[in-house]
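Residue numbers (full-length UniProt numbering): 1 to 255.
The reader is advised that the hints may include incorrect statements.
Label-pair distances were calculated between CB atoms; the ranges are [claimed, not checked]:
id, residue 1, residue 2, range
1, E251, Q27, 27 to 35 Å
2, D116, A23, 43 to 51 Å
3, D81, D238, 34 to 42 Å
4, D95, Q27, 49 to 57 Å
5, V252, T77, 15 to 23 Å
6, Q12, T111, 39 to 47 Å
7, G236, T35, 41 to 49 Å
It is worth saying that the hints were derived from the structure and are not from the lab.
Here the structure is a predicted model, which means the values were calculated and not measured.
Note that CB positions come from ideal geometry on N, CA and C, so glycine has one too.
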Amino acid sequence: MYAEERQQSMAQLISRTGRLSVADLAQEYAVTTETVRRDLSTLERMGLVKRVHGGAVPASSLRIMESVVGERDRANTAAKDAIAQAALALLPPPDSVVVLDAGTTTTRLATALPRDHRLHVVTHAVPVAARLAGSPHIDLHLLPGRVRATTHAAVGADTVAALADLRADVAFVATNGLTVDHGLTTPDRDEAATKRAIVASARRVVVLADSSKIGLEMAQRFASVEQLSALVTDDGIDPRERAALERAGVEVVVA
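Please model the entire structure based on the sequences and the hints provided.
See below:
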């Protein structure tokens, strides 16, 4: 098979499967891993694939679109419930300050917070605030800002300014994409600015993300892997991705 034929076939295979590792591609086409890496570099320059740690995804995985809250809430529900339960083990001591980012998994965490564990909770997420409002064990603080219809989260200059004055013990953060090379990403610029401020406000940053988010990159980066303390995910995580994150100093908790 000529290089051009192999590269075309490779691009089609990656497009169909959604993600393939360098090792898998080398085995599929009976070539060395170095040849695969050169092929992937060529395909990336052509805009057909996106290189990620250890492999490649379709170029369309670098998404600029985002689904609305209701659609996301119906995806991977069992994994999200398990992640929220596992994240309880990472709660700080009673009377600590916690930031809960907007997201369907962080909203599940809000619902699961134990009633005998008093916390000061800061959030910009309307669904999180709705779950916690009136809870006697939660001292709730809702951040100001413009509420986006897509995520039901407050964003903008007022939100970022309020977070600049905050020092939280732990921030539980959601993300649309996570890679070792590029960190945490999301499609919207205003959402990214708010998430960036949340990360900067906290002593520890715990990201809650089901395994479908790992290996994806969106348009706007809001945190590097070096800023993360822990990742809570499900058992669908690729072992190679987990190992790479742990080498980068991230504690990986599998629900």
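- Query: In ascending order, which of the hints set out earlier in this document are inconsistent with the structure?
  - Reply: Checked against the structure, the hints that fail are numbers 3, 7, while the rest are satisfied.
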